[in-house]
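Use these hints to put chain B onto chain A, whose structure you have.
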Amino acid sequence: MIRFLENKGIPGSFRDPSGFLFYRNGSIYRQVNTVYKNNYDLLINSNLYKTLLDERLLVSHEEIDTEGVEPDKAYKVLKVELIPFISYPYEWCFGQLKDAALTTLRIQKMALNYGMSLKDASVYNIQFRKCKPIFIDTLSFEKYNEGEPWVAYRQFCQHFLAPLALMSYKDIRLNQLFRIFIDGVPLDLASNLLPLRTYLKFSLLSHIHIHAKSQDYFADKAVKKNNRKMSRLSFLGLIDSLEAIVNTMKWEAKGTEWSDYYQDTNYTSNGFGHKKEIVTKYLEKSKPNTVWDLGANVGIFSRIASDRGIQTLSFDIDPAAVEKNYLRCASQNEVNILPLLCDLTNPSPSIGWGNEERMSLLERGPADTLFALALIHHLVISNNLPFNKIAKFLSNICKTLIIEFIPKNDSQVKRLLTNREDIFPDYTCSAFEHEFKKYFKIRDSEKIKDSERTLYLMEKI
Amino acid sequence: MKQTCYLTKIMFISIISCFVFYQDANAYLDPGTGSYVLQMLIAGLLGALFFIKLSWKRMKIFISNLFSKDKDDKIFRE
Chain A
1 MIRFLENKGI
11 PGSFRDPSGF
21 LFYRNGSIYR
31 QVNTVYKNNY
41 DLLINSNLYK
51 TLLDERLLVS
61 HEEIDTEGVE
71 PDKAYKVLKV
81 ELIPFISYPY
91 EWCFGQLKDA
101 ALTTLRIQKM
111 ALNYGMSLKD
121 ASVYNIQFRK
131 CKPIFIDTLS
141 FEKYNEGEPW
151 VAYRQFCQHF
161 LAPLALMSYK
171 DIRLNQLFRI
181 FIDGVPLDLA
191 SNLLPLRTYL
201 KFSLLSHIHI
211 HAKSQDYFAD
221 KAVKKNNRKM
231 SRLSFLGLID
241 SLEAIVNTMK
251 WEAKGTEWSD
261 YYQDTNYTSN
271 GFGHKKEIVT
281 KYLEKSKPNT
291 VWDLGANVGI
301 FSRIASDRGI
311 QTLSFDIDPA
321 AVEKNYLRCA
331 SQNEVNILPL
341 LCDLTNPSPS
351 IGWGNEERMS
361 LLERGPADTL
371 FALALIHHLV
381 ISNNLPFNKI
391 AKFLSNICKT
401 LIIEFIPKND
411 SQVKRLLTNR
421 EDIFPDYTCS
431 AFEHEFKKYF
441 KIRDSEKIKD
451 SERTLYLMEK
461 I
Chain B
1 MKQTCYLTKI
11 MFISIISCFV
21 FYQDANAYLD
31 PGTGSYVLQM
41 LIAGLLGALF
51 FIKLSWKRMK
61 IFISNLFSKD
71 KDDKIFRE
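Heads up: the sequence lines are chains A and B, in that order.
Numbered per our numbering, the first sequence spans residues 1 to 461.
Numbered per our numbering, the second sequence spans residues 1 to 78.
Just to be clear, a hint being listed does not mean it is correct.
What the hints assert, rightly or not - Stretch-level coverage of chain A by chain B, calculated; a stretch enters the list once three of its residues show a Cβ under 8 angstroms from a Cβ in chain B:
{"no.": "1", "region": "12 to 22"}
{"no.": "2", "region": "154 to 161"}
{"no.": "3", "region": "214 to 221"}
{"no.": "4", "region": "238 to 244"}
Hint data in this document are derived by calculation from the structure and do not stem from the laboratory.
These figures come from a predicted structure and were not determined experimentally.
Backbone N, C-alpha and C fix where the C-beta goes; we use that ideal spot for every residue, glycine too.
If we strip away everything but chain A, and leave its shape as in the complex, we get (with noise of 0.2 angstroms):
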């Protein structure tokens, strides 16, 4: 559902002045300007272009014989790589803003040693492509003069830093204020919420708390010039520093409501394997070559459609079961699946300049194939979504759907009213399949063994 409009430029792409990307005939562009000639093809003759791609840290793209949007800025007009999904920080969990951090860090690092250095940190250059960071702007680089300090450092900070700390040392869930801070996390904002404890470590204390001080102290000061530098030892050091605390944050994927809800569900072994049968079969009726796993926890469904190379997005509102599907991808290398986090009553909506530099979870879809799988009787008892609105939101977001309804008998269910007033007297698997008629044609349908619960592959109208 993106609505690029044909040869202009790309909301988020306008800030600058070195190029911006544009959309034409169904592919993504990136105009050089005139003003970046020498910083583009230091890039590229310095070999830092060519020894960056090898290492996989920045996408690909191909110089084009073709005409500019803005034809009398351009130098040249190269088609770039595409990255398939699209995401977030505020849709990371923590292992992937920390891996996100790192790979900015080791990029800077590696052009400093081409003679070149990124002149600017901002965390929207970060993409997950086959569930490994990768730097997605390449009019980032400058050529590196000794002497000036890092022009990006404050950026870096406020991207990164500050939300890791945040993170690590307050609350899993203050990565949302990336949603309200468009451009990362005021270091004062920081300062105040981190506890006393992170004082007591220099770097935290020198790159946030006394960084904050500083931005307020000279907030309304104009300051004497002088001819100090940073020296290029002095620069790495702070590289170093910053790469060094990134490494010692930690959070560990426990303790939240979903993390360990494989350890707590009602199925039988048999019903479990029943259940991951018709899923399987219900895939290969549908042949998608995308799937968005809805309320997918560690991504033991998400699987069954990644391993057969299907692109799956496996989406949980959980930061842990997040954390833990993403560390597992990490260390099996796998590639067809992405671990997001997603919170489906609030899916992230489009925001920054004119409500369109970043994009909302619906104009990124819709996916070939959605999975709702021990997913309806939350939104509908825990949240007191209609039917109606659940099949409308879905049919917005997939073209066919695999969908599980668990019935009131189901002791999960029974869970969730335990303290509460019952009044879904309309939760019925009639008033279910009537409502999802509206907007979806059902192929088919099967009950799992073992269980009260019912399977559906559903086809959008």
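Same frame as chain A, now just chain B:
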């Protein structure tokens, strides 16, 4: 908490009062004056720490090479 913040502020102001400077840079991104100044303030220390770290690593490699060479020699002699 307030006391710690106050102490940090005093520390910060007393350090920067020693030397204040600023340098022009042709960047599209606003580096932030406070961020620039802080970098310059901590640069010397971070550089020195980095130098010590590198030297330590090199020394460890040198020593481990020395011993492994010794071992190799022994193996060769045997």
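Hint check:
Figure legend: the region 12 to 22 of chain A, annotated as covered by chain B; annotation consistent (4 residues with Cβ-Cβ distances under 8 angstroms, at least 3 required). Here the region 154 to 161 of chain A counts 3 residues with a CB under 8 angstroms from a CB of chain B, which clears the bar of 3, and the coverage holds. Chain B is given as covering the region 214 to 221 of chain A, and this holds because 7 residues of the stretch bring a CB closer than 8 angstroms to a CB of that chain, at least three being needed. With 3 residues having a beta carbon nearer than 8 angstroms to a beta carbon of chain B, the region 238 to 244 of chain A meets the requirement of three or more and the stated coverage holds.
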